[in-house]
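Chain order of the listed sequences is A, B, C and D. The opening position of the first sequence corresponds to residue 20 in our numbering, with each subsequent residue numbered one higher. The opening position of the second sequence corresponds to residue 20 in our numbering, with each subsequent residue numbered one higher. The opening position of the third sequence corresponds to residue 20 in our numbering, with each subsequent residue numbered one higher. The opening position of the fourth sequence corresponds to residue 20 in our numbering, with each subsequent residue numbered one higher.
These aren't lab readings, by the way, just hints derived from the structure by calculation. Among these hints, one or two may not hold up.
Which copy? The list can't say, so a pair holds if one copy fits it or any two copies do.
To be verified - When the alpha-carbon atoms are kept at most 25 angstroms apart in a straight line, the in silico DSS-like pairs for lysine-lysine are as follows:
hint	residue 1	residue 2
1	Lys164	Lys119
2	Lys371	Lys463
3	Lys371	Lys212
4	Lys371	Lys214
5	Lys214	Lys90
6	Lys371	Lys457
7	Lys474	Lys253
8	Lys339	Lys212
9	Lys374	Lys463
10	Lys463	Lys254
11	Lys120	Lys371
Number of protein chains: 4
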Amino acid sequence: MQEKCGVFGIFSEDRVLDVASLSYLALYALQHRGQESCGIAVCNDGLMQYHSDLGLVPDVFSKETLESLGKGNMAVGHVRYAPMDQKNRANTQPLVVRHKKGSMAIAHNGSLTNAYALRERLQNEGTVFHTSNDTEIIINIITKKRINTSSIEEAICEAMKEIEGAYSLVIMSPSKLIAVRDKCGFRPLCMGKIKSHKEGTPSYVFASESCALDSIGAEYVRDIEPGEIVVIDKKGQRSIKTHCGQKSGICVFEYIYFARPDSVIENMSVHEARLNAGAFLAKEHPVDADVVFGVPDSGLDAALGFSRESKIPYGVGFIKNRYIGRTFIQPTQEERDKAVRIKLNTIESTIKDKKVVLIDDSIVRGTTMRRIVRLVRETGAKQVHLRISSPPFINPCYFGTDISSRENLISCKMNTSQICEYLGADSLGFLPLEHVGKIANNAKCGFCDGCFTGKYPIPEPEKITKSKYDYKIGVI
Amino acid sequence: MQEKCGVFGIFSEDRVLDVASLSYLALYALQHRGQESCGIAVCNDGLMQYHSDLGLVPDVFSKETLESLGKGNMAVGHVRYAPMDQKNRANTQPLVVRHKKGSMAIAHNGSLTNAYALRERLQNEGTVFHTSNDTEIIINIITKKRINTSSIEEAICEAMKEIEGAYSLVIMSPSKLIAVRDKCGFRPLCMGKIKSHKEGTPSYVFASESCALDSIGAEYVRDIEPGEIVVIDKKGQRSIKTHCGQKSGICVFEYIYFARPDSVIENMSVHEARLNAGAFLAKEHPVDADVVFGVPDSGLDAALGFSRESKIPYGVGFIKNRYIGRTFIQPTQEERDKAVRIKLNTIESTIKDKKVVLIDDSIVRGTTMRRIVRLVRETGAKQVHLRISSPPFINPCYFGTDISSRENLISCKMNTSQICEYLGADSLGFLPLEHVGKIANNAKCGFCDGCFTGKYPIPEPEKITKSKYDYKIGVI
Amino acid sequence: MQEKCGVFGIFSEDRVLDVASLSYLALYALQHRGQESCGIAVCNDGLMQYHSDLGLVPDVFSKETLESLGKGNMAVGHVRYAPMDQKNRANTQPLVVRHKKGSMAIAHNGSLTNAYALRERLQNEGTVFHTSNDTEIIINIITKKRINTSSIEEAICEAMKEIEGAYSLVIMSPSKLIAVRDKCGFRPLCMGKIKSHKEGTPSYVFASESCALDSIGAEYVRDIEPGEIVVIDKKGQRSIKTHCGQKSGICVFEYIYFARPDSVIENMSVHEARLNAGAFLAKEHPVDADVVFGVPDSGLDAALGFSRESKIPYGVGFIKNRYIGRTFIQPTQEERDKAVRIKLNTIESTIKDKKVVLIDDSIVRGTTMRRIVRLVRETGAKQVHLRISSPPFINPCYFGTDISSRENLISCKMNTSQICEYLGADSLGFLPLEHVGKIANNAKCGFCDGCFTGKYPIPEPEKITKSKYDYKIGVI
Amino acid sequence: MQEKCGVFGIFSEDRVLDVASLSYLALYALQHRGQESCGIAVCNDGLMQYHSDLGLVPDVFSKETLESLGKGNMAVGHVRYAPMDQKNRANTQPLVVRHKKGSMAIAHNGSLTNAYALRERLQNEGTVFHTSNDTEIIINIITKKRINTSSIEEAICEAMKEIEGAYSLVIMSPSKLIAVRDKCGFRPLCMGKIKSHKEGTPSYVFASESCALDSIGAEYVRDIEPGEIVVIDKKGQRSIKTHCGQKSGICVFEYIYFARPDSVIENMSVHEARLNAGAFLAKEHPVDADVVFGVPDSGLDAALGFSRESKIPYGVGFIKNRYIGRTFIQPTQEERDKAVRIKLNTIESTIKDKKVVLIDDSIVRGTTMRRIVRLVRETGAKQVHLRISSPPFINPCYFGTDISSRENLISCKMNTSQICEYLGADSLGFLPLEHVGKIANNAKCGFCDGCFTGKYPIPEPEKITKSKYDYKIGVI
């Protein structure tokens, strides 16, 4: 399971800040949201320079590359996770184009539910597409609206009437930096501020998560509201709320897995949400055990929450090799198998002859978890009680999470006791559905938990065959 | 001075041929037409895979990259020369897009004269541009025409009514490979054939020059006619000549400098044309000398022609370091200076105490030639007589040659005797204007010699300021 | 502070195992012991192939590189930490040479105390040195001994009479794999076994830490004894204990910081030793606080030990960006500053308005810790109580740890309360000297704690000026 | 066939010159002598920095790499050709070591005939070897001699009593730059001078060929004499001629093929020597033909000489793709086949319906020449008369030329008419043996033509099996 992107934008009127370097640092902080590709576009008085490529931020950007982007007063950045079949250079972002009114750069996190219909309509009008990204659909619609509107923000507002689904956008026009969040607010997007060195307007930044603000010394201001358009330009910031006020539904899996624990989303600490999930698990699925520990890194916080609630001592059961990439990133099954053996090792003194509670955030296909349970048993655990800090996945996500098809989801094929047996655990407990919304108890918005419940805040897209979606041009 | 591109395409119905590898070899042979970037797109039953990047063919394509393009039944390839301000990855070709009717790939050599007007019109209709290439204008117009036409070739034929200037195109649709040459035929484009291993249709190839056909073992068939559209598909080849029959004008500088001497263009051997130019020079500007030699590699053939006509012995006066790139490619003045000192060395035994005739193809700014004359004098030449196998450059080219602006052209600022003095030569002779057309005496078409005469086969574009043309988005 | 190396060796008589791939995986597991360079040498019936370079294991070895090492029956591997002034390719290991008796490869962890005298003696005899590594001294002495001895192991045994200091070696001759540990056993070295697929002898492996055995599915057998030579060849394994039985002294900092927590060294779990250190700290320096947390990753285990002993809740105060290298690796001060701001972020919900206990393994210069304390205060901690799981560093290490010179050690310049004030903490406690040896209470050997106590198991090298040591040949 | 190396050295007391950059440019000029690897070592008041790697000069050295070598007062450089089985990084040069008296760097062109015996002796004394280069033997012997001598030049002079065979060396000690040529002078080595910007001593340079002097603006002074040692230091230059005065024998193939035509070796222009060879061919093997042309680039000069003597018009029959490396460099047979088809193309207008004389420098295995003759016939030549500007190869070279073993030499297996038939030519003529020495008629030294005659200036090495020579340690 994987979220698709992280976005960032900065507007620094006084040009004291090095917008390219700050974008670089912010993308570093957002790297967990996408490791396939990244990019930065810098705007210098209307002229945009950009660079993007496949790879991690420190691999794509050298000191020289960063410097060659030049000094500017604005920048947008993007990190991208790509499903295997779209891992190519043409799909990197930000997407930077030229239209009637000048250049535009756009960074997008999310997924449109009416992408197929929109793309078909645009193609019927003679539009060519250079990528298979939804982002290119958005930029075409905005551009067409721009012809008959008096400003870019007005064009965006018009475009929002047509595009449906999940989108957190940062858009850069020659003179404005604009943040946009879809009406439900599926994906997070927040605003920060860096105090000006001289008097006058401060610099503004937008980022998918607050941890990116922290990394560049920006002060958190607020989250962009679902449906809101925030415009920053020379005159300062202003907001367009035409599309606000509908039923909100941030993806609850942002709290469970995607976001960094040090981020605060919609007023709720991600770390606290995970502690809460662990505590709920301890209450709902109590067990007599000697030690509780999490699968690094995604299960660690919930394990601590479980320990605090259950009073079972918290321990360190695994060491994760810090020089290895994350399992989910590695594409082939063979590479995945290999990676698991060298990525995680157990600590015998924590596990041997103990009854252990093992915590992880979710189970997708079950193959990785099965290997992990086996590892723990081989290390000498007397009992292995598995607790999962989310309910079972049984439904597709249409809003930017790359979930395996149902055939691959273990919870679509087995009930809990069957899964427990398959995994080789002594007991298995999932976070009950009714608690999912409660883990982020301070959050000021509603949740989308469609992947667990099958109930989505907006209509599902009509069923469309995969081949219909096939816009692929392969760029190696 | 530099030509902008080389194009290639191959259609191999029976799939016995490895179209990616053959494209690679053909681009190798066309590398002299563009060293900044290159690319290949392969079509496999409608699915297109491509790869392009800045760099020479052997640097951009490794064995792995080439293999990852997959097997296919068609391919197009491109090598590109880029003016300094457009040297970025986004402008690499072939350009591959997706439109209503599927994928399309296009490789383009030339320059449109109404690019500004077309681009403005398209932008007014809401079109976004991802590059600053004319190629993207062409692909948008064809795509729009395609909506109301019944075939891609019909759409191309319609588009040709709107695009003006120089263009030799190879276009790949999901099922067809199409070669197009503008009405004047400014840039060369020829067709070849590779015999099929089994019975049935042979494989067809298109290339900017016949040397590319030779390099892959293809048999030369004929040149594409000015204005012609040649379509290859399962049913074989056919031709659309709606736009044929107008006044033709192939760029005469293809014979003088751009093309490889082993190419035959419009029935005329490039090598022979250069021998002819040298012979004309000997007749028009005779001199009493001991030896004649050329500046490698562009002046060698004309020097041999001069020697044969004048009976002055042919010699080897220079050794060019084979591990150095060409002067014109190196961007900064400092690098250019450095390159000249290490790129060329003189052979003393040829030069010392001799009256020498030195031949080169053209003089642009005069700085390089001045250094070369100095080198020859330092080696001990008694006299240096300079002969240039083209007339003086005094006009801009609108058709794909990157000529310095007039302020930089030495022939716009000085007369021949002043130039001779500036260069430090004992005498200087240019190819007379009236002979330019005669050097390619076998060619079956007219010539464009506008850069020498100021007379162009089609109207010049209205004078437009450079800033108006400024569509740049910088991609580093 | 940084340990210098990790070593690995494998002998697989039946050739069922891919010794190159297993070396690669083992070096991955040992990567924390050295990130500057790495290398693998494979022996195939006496012919050795090797590859080494600057960089991390996954960067230096691609699939192709690994395959090109070929199949073999033995391999040795090495990861290296290099002080700034020796960061060059010539110093990479394993060192592979050819001598009278064939090829030899050697991987070395440690530092000789009589390197200067030995090198001078060898040079006086006409020896040339290609590197500035102690390893090359060792290989020269062994080679000279080999001339008058009947086996490589006898030569090694003779050489051990002359080389003094710390060395854990894995040596590969054309037919034998040999592990050697210096008489004190300063650096760890253990042996493992992989069961044979067919009957007959199992495969043997040597590694700096047991975590490398785990990563390749090898079973831990035992630690090499201080002074022991273990020989593996076709006939199986045998041991030479001529130099065993002296006063042992493993570096206690292996337990405190260098080794991976999942390693077991001399029968003592590294993780447990760190829990113990934390518990001692809690007993010796109790404090009234709301939460205790460690600086990731080196302070986490001790923080858990402190929490368990003190009953103060364990928390997660920091998130470390998993895509950033370790601070100690980054060379310049400027880069270090930059890294700290983006490498670590605080979790507000853990810290704000709390009295916190902050744990780290050591303080060297104090600059990093000062920044960390400031970070915690800025996050809103009411009090910051700092506890360090080692005593103050006040002495040099001569045995392979790269400690700053005394002028840079904060504990050489200030007492505890001065340091506390400098760091901006409310209180500061170090692990008392008398407890250092007790943290690894199960270890079956003595300790070297000279960096804390100034008492070393063997005589210090006579003071020699740095310039005398200057054998540098810079290889960039 | 391939020469093994090019060497360079520079001493610039006043440090006005950038010795690293000048080395880079000189190696560029010598690149034809070795394309496998290259390296530069810079000495700055005794401290040596170096960099070397596999690859061409512009690939191995970037601006940054060059700058990181620092400023210095001396440098040595090397380009290397490597037989396939020694193509590894460890064998790159200059070899830089540290010994009793400080650092030493050495660049070597040639091959020792007593390498095996010397290496065995050194190994018996306990010497370790890091490479399989003869160079390392030389450096070890010099170092051992240095212990009991009062200067490096004295040690070199002593070493020359023991090393036999071909060697042109440039050696750099902390304070001296020394050029050495073996007693026969098998390989060229010349000295140049760059005038000082201030008064005082000029800068001195040594290079394998004079073309390297030209490329850096140095004035040719003289060739190093066979057996001479030239020392440059603060006090100026001086010469040791202890080993001079023996029978000299420069490799005649330097004139025929190895050296650049613009070089002057032992007072003889290489270009002139090739013209002479062509003229001799015309006299010895006259033919009635329409045109004469050479195989680029090695046959061009001789073709011109043939034309001048025979009065048969000189033509251009081939175009060589300037973006392709040389055939001899490409290792596998498959790659060689591929390369030939795309590397060379014929010019039809020169060849068709003509009786042609085709000139090349030599025939080794005959496979390439056979393909070339076929190419010419396919282009329509009526007759193909092949003339070779050297006698048949029938003997091994022990002095640094990599000749195929006799089994591969076509002239060892067939007589001239058989070869002619095999190649598909109408006639074939080699340069007669008796003229070989005459082509370099101005040269001031004797020649080694052992590869043609079997008579060598010094005794052949005793026959040794290849396995005995096998010192290989493979470094990938």
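Which numbered hints does this structure break? Of the numbered hints, 7, 9, 10 and 11 do not hold.
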